[in-house]
Amino acid sequence: MSDTAAVLSVHDLACARGERTLFTGMNFSLGQGQLLLVQGGNGRGKTSLLRLLTGLAHPLAGEIRWRGRALADGRELFHREMAYLGHLNGIKDELTPVENLRLAGDLEGMPMDQATAERALTDIGLARCLDLPCRVLSFGQRRRVALAGLVASGSLLWILDEPLTGLDVHGVAMVEGLLRDHVGAGGMVVMTTHQPLALDGLAVVPLLVGPALTRPEPGNQEEPACCAS
Amino acid sequence: MLRFLIAVIRRDLKLAARRKGDWLTSQFFFVMVVSMFPLGIGPDPAMLSKVAGGVLWVAALLAALLSLSRLFADDHRDGSLEQMLLSPNPPVLLALGKALAHWLIYGIPLLLIAPVLGVQFALPGDAIGVLMLSLLVGTPVLSLLGSVGAALTLGLRGGGVLLTLLILPLYVPALIFGAGAVDATLAGVGAEANLSLLAAFMVMTLLVSPWVAAAALRVSIE
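First to last, the sequence lines map onto chains A and B.
Start counting the first sequence at 1; every next residue gets the next number (my numbering).
Start counting the second sequence at 1; every next residue gets the next number (my numbering).
Keep in mind the hints are simulated off the structure, nothing from the lab.
For each residue, glycine too, the CB sits at the ideal point set by N, CA and C.
One thing to keep in mind: the hints can contain errors.
Beta-carbon label-pair distances, calculated as ranges [unchecked claim]:
1. B:Met36 with A:Gly154: 54 to 64 Å
2. B:Val219 with A:Gly140: 51 to 61 Å
3. A:Ala61 with B:Arg10: 39 to 49 Å
Computed footprint of chain A on chain B, listed as stretches where at least three residues anywhere in the stretch have a Cβ under 8 Å from a Cβ of chain A [claimed, not checked]:
4. 11 to 18
5. 79 to 93
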C-alpha cells in the first residue's frame, strides 16, 4: 500500500524562536502510507517544527512543499487535506462532544450529520458522554473528543503533537489502532510522542530534531513496558 | 466562502447563548454607567437632554471594550482559534465573521435598550429615533475596529488595558458623529450630515479592519 512518492517535502528548513536557532538545514520527505516520528528532547523544537508544517508559523529559511507546491501558494488545498491536533484540544467547553464535532465540520465546509458525529464519538469510547457539555468531561475524555474530530475530518495528513497526553492505557492502544488504520489506508502522519508506541509493521520514518543527541534512537521506541506512564 | 462566514457567526451566537452571564454583564454595564449620570448631574431635564447623546455614546464605547477583550482570547486559550485558522477558508472571513457576531451579540442589544435610557434623559421622540439610528450605523464600527485591537493584544498580559488604550482613540470619529447627530436633532438643524459621515466611517472600517485583524491574528498566533 505504501506509495513512496513524496507528498510532503521539506527543503533546508530552519527555525528560530526569538533569538535562538532551533534547527537548520532540515530535509525530509514523506509519502502516502508513511508515519514520521519526530524525536528529540524537551525544547529541541519538535512543537515548533510541527507548527511550521501546519502553516501556523513561518520558517526562518527553507521551504515546505505539499504536492510539489510551496505551502504559501497552496494553503487552501493543504489545509483541506491536513488536520492538526496540538497541545490544546480546540474544543469548546460549553458545547457537547457531538456539537463540537458538527461545528468543526461546518467550519471546514464539510457538514456532518448527527448520526455520523455520534458514531465517530462512540467508536472512540465516548458513548456515555454524547450529551454532556465538554466542561464536565475529564482531561483524557476531552482529548478523545479532539481525536474523534481528527478521524471524522477524513484528512490525508495528520499532524499530532503529543496525542497521547492524558490518555489511559486503553486510550493509548486505541490511538495505536487509529494510526495503524490511517497509515494502512494510505494516510500520512507526522507526530511527536515521549511515550512508547507499538508501531511495528508500519512505515515509520524517524526524525531527530535539534543538535545530535549522544544516543540517537533509530526506528521505533521498543522500550520495556514498565516505561509506560 | 459565505458558508464559512455564516458558520463562524452561528458558532459565536451559539456559544453566547450558552454563556448568558457574560452577555448580560456587558448590557448591565451599559445601563448602569448611563444611569449614573442623572444621579450625578441632577434631575434638570434641559441639562440631561443636552448631555444624553454624548453619555450614551461613551457608555456604548466602554461596554463594547468590556466584551472585546475576550473576542479572540477564549478561542485562543482552548486552541479553537488555531483550528479555525487552519480551515481552508481565508482568515479575513474569520475576522469579519467574529466582528459581525460581536455586533449581533453586543451591539444590537445596546441599540434596543437605548430608547429606554433616552427617556431617562428627557430626550424628545425624534432625538431618540436619531440616537437609535446613530447607534445602528455606529455600533458596527465598535465591533470592527475592536476586532483589530483584540487581535493585536491577543495573548498579552494585561491585554485588556492595552486594548482600551489602542482602540479608544480610533473610536473618536464614531463618537463625534454619533453624539453629534443627536445634538444636531436637538438643535433643530437635522442629523443627516452627521449620520452620513458616520455611515461613511462604518463602510470604511468594514472594508479595512477585517484584513488588518486577520494579519494581526496571524502574527499573534505565531
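The hints, checked one at a time:
1. The beta-carbon spacing between Met36 of chain B and Gly154 of chain A, approximately 55 Å, falls within the hinted interval of 54 to 64 Å.
2. Taken as a hint, the range 51 to 61 Å is violated for the pair Val219 of chain B and Gly140 of chain A, whose Cβ atoms sit roughly 33 Å apart.
3. Roughly 41 Å separates the CB atoms of Ala61 of chain A and Arg10 of chain B, a value that falls within the hinted 39 to 49 Å.
4. Residues of the segment 11 to 18 of chain B lying with their CB closer than 8 Å to a CB of chain A number 4, which satisfies the three-residue condition for coverage.
5. Here's how the segment 79 to 93 of chain B fares: 10 of its residues keep a CB closer than 8 Å to some CB of chain A, so the rule of at least three is met and the hint holds.
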